[in-house]
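S.K.: Here are the chains, one letter per residue:
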Amino acid sequence: MADLLQFLMSGLTVGAVYALLALGFTIIFNASGVVNFAQGEFVMLGGMGTAFAIAAGLPVPLAALLAILGTAAVGVALNRLAIAPARGAPVVSLIIITIGAAIFLQGAAGLIFDKQIHRYPGFSGEAPLRLAGATLLPQSLWVMAGAALTFAALWLFFTRTLTGKAVLATANNPLAASLVGINTKAIMALSFGLSAAIGAVAGVLVTPITMTAYNTGVALALSGFAAAMLGGLGNPLGALAGGLLLGVLEAMTAGYVSSEYKDAVSFILIILVLALMPQGLLGRKSTDRV
Amino acid sequence: MNTHKTLALAALLAALGAPAAMAQIRIGATVAETGPAGALGDPEAKTLRLLVEQINAAGGVLGEPLELVLYDDGGDPNNARTFATRLVEHDEVVAIIGGTTTGTSLAIRSVAEEEEIPFISLAGGIEIIDPVQPFTFKTPHTDRMACEKIFEDMQAQGIARIGMISGTDGFGASMRNQCLAVAETYGITVAADESYAPGDADMVPQLTNIRNTEGLQAVLNPGFGAGPAIVTRNYRQLGIELPLYQSHGVAGQAYIDLSGAENAEGVRLPGTALLIADQLAEDDIQRAAVIAYRDAYVGRYNEPVSTFGGYAHDALAILVDAITRNGEAEPDPADLRDAIEATSGLVGTTGIYSFTAEDHLGLDLSAFRLLEIRTGGWTQVQ
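Keeping their order, the protein sequence lines are chains P and X.
Under this note's numbering, the first residue of the first sequence is numbered 1, with each subsequent residue one higher.
Under this note's numbering, the first residue of the second sequence is numbered 1, with each subsequent residue one higher.
Hints may contain errors.
[Stated by the list, open to error] Partial list, computed: chain X residues near chain P (C-beta under 10 Å):
1) Pro36
2) Glu89
3) Asn263
4) Glu265
[As the list claims (entries may be wrong)] Incomplete in silico selection of chain P near chain X, CB under 7 Å:
5) Asp3
6) Gln6
7) Phe7
8) Ser10
9) Asn30
10) Lys115
11) Pro128
12) Thr135
13) Thr210
14) Met211
15) Ala219
16) Ala254
17) Gly255
18) Glu260
19) Met277
It should be emphasised that the hints constitute simulated quantities derived from the structure, not laboratory data.
Yeah, the Cβ is synthetic: ideal placement off N, Cα and C, and Gly gets one too.
I would like the entire structure built from these sequences, with the hints used as guidance.
M.R.: Dropping the structure here:
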């Protein structure tokens, strides 16, 4: 029983990060139909930026804020310099552009920061909390709370603000949105900025647990993409469900089956889910009009 | 057209203040300065540049300056092979140093053996020199030696039943296999055998299983990069009290910093003299070489020395020693090979090298020092 709880808490911590990654994928996918493979680089930039700002002597909250704003600016620049000029190109080309952007960001981070592994202390100390025979790092609570807050804030943004509704409208039908006076170009920039900021938040929160280096983005992007696919690409709630489910699956497989097959089992389950429900667990059914 | 390009390039280099092309002894190198193995290749490249500069400032070798032709293969065996060919055919080097990873080393080896040019590898894999190839040598100790060093200590402590948690990357997987192969020789049973993928964020489930395995006396973690630091943190989080052994893959200050000094307290691992330069006894045979290299490297680059830079240091030292003994500024490759193979008692930062026709590694277990982390620093276990 204590083991089950231990595995569950491990899985939820990792899953919360996957959920934030999947959310970043979802927002850009909704706004532009593009799967942004540079999403993992945003997490890396958030972590590296915070680590270097803290090393430069800034207090943690300010360092984190700077890293998130800086990463958001990178997201906006990515849209402005790489995605926007290629507007009208097939979506596959845009996806390939994001892969190129990911490689570029990784190389730039290696040059601007360095190639060492970095971390900074957890926000509420490092002493593990004990709970019914299982242990939990305080930072795990930060990660889970951070993910929950981000999802809540985003839900409010999309349902209660005009700008948020404009994003949803653009996602639904860009042409109609622009006809009713929504500046779809600005919405695209906003989506990229928002996605990057969410990635950076994940990076800021998780670096004390996982550590970060210039080349950690690719693996993160793949896990986040898998989570987004599992939950249903395009649905923020699907991102949350997919992320948590993938994290818990990995932990349970490593705990009860074999760590050797950890990744294999989770990916086989993803394939099964997608074969039976191609739109993902919570995805919309897509219908093509003929 | 090529000549024009070359001339233009030469003029450009001269204008930028590059050393004039009067160098006589050309040494080739291809390392992974960037890419996945960049953290290893970067100090190797820096070390080679620094030492060649130092040697030339001190009058060169046999009165002739050295010229270093260094390429960055990014850890890609295809690139390594291309650059090795270029070093031999275009740059006409006397010998090649390099191959940051076992994969690139094997690619370079095939060129070196075909062209009969001496090659000194900087990678760990035992397959590089086993079976022995006439022109290929290497400086780092092997995974198997690291396992043997660790098991030797376990045996001395009366430890007979251990758990292992290994990375699934090349380094971790290879060392895991070697450790499993030699465990029996030391009377050690591996009762739990877990793994994690590089980039995994959390090893708590695996370590929980190790904690629940009956009768374990110690845990060994062959791995490289962030993984072992996460393992160490999770280990303390779960409150496991068994002795923890790490591998030479994390023998550096970064591991202690990332794990946190209080978490790394008491961890044992095999490392080189380079890590404990200041603690070496006054009469330690490696002391002078190790301190000279460390001071020069830290003074130039303002970052701590690593074992990997040490491998490059030793490769160049072996080569310079062989060229000097051979006595010709334009050595015949076969003669140079014979001179390298005749290396005996050469003091490097990694260990004391003595090659023979059957042994192109030239180190024994004494090259490893068993270290224990105490209050955030390294101490040698006597």
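S.K.: Take the hints in turn and mark each one as holding or not.
M.R.: Going down the list of hints, with the structure as the test:
{"no.": "1", "hint": "Pro36", "result": "holds, 7 Å"}
{"no.": "2", "hint": "Glu89", "result": "violated, 30 Å"}
{"no.": "3", "hint": "Asn263", "result": "holds, 8 Å"}
{"no.": "4", "hint": "Glu265", "result": "violated, 14 Å"}
{"no.": "5", "hint": "Asp3", "result": "holds, 6 Å"}
{"no.": "6", "hint": "Gln6", "result": "holds, 5 Å"}
{"no.": "7", "hint": "Phe7", "result": "holds, 5 Å"}
{"no.": "8", "hint": "Ser10", "result": "holds, 4 Å"}
{"no.": "9", "hint": "Asn30", "result": "violated, 27 Å"}
{"no.": "10", "hint": "Lys115", "result": "holds, 5 Å"}
{"no.": "11", "hint": "Pro128", "result": "holds, 5 Å"}
{"no.": "12", "hint": "Thr135", "result": "holds, 5 Å"}
{"no.": "13", "hint": "Thr210", "result": "holds, 4 Å"}
{"no.": "14", "hint": "Met211", "result": "holds, 4 Å"}
{"no.": "15", "hint": "Ala219", "result": "holds, 4 Å"}
{"no.": "16", "hint": "Ala254", "result": "holds, 4 Å"}
{"no.": "17", "hint": "Gly255", "result": "holds, 4 Å"}
{"no.": "18", "hint": "Glu260", "result": "holds, 6 Å"}
{"no.": "19", "hint": "Met277", "result": "violated, 27 Å"}
Against the hints set out earlier in the document, violations occur for numbers 2, 4, 9 and 19.
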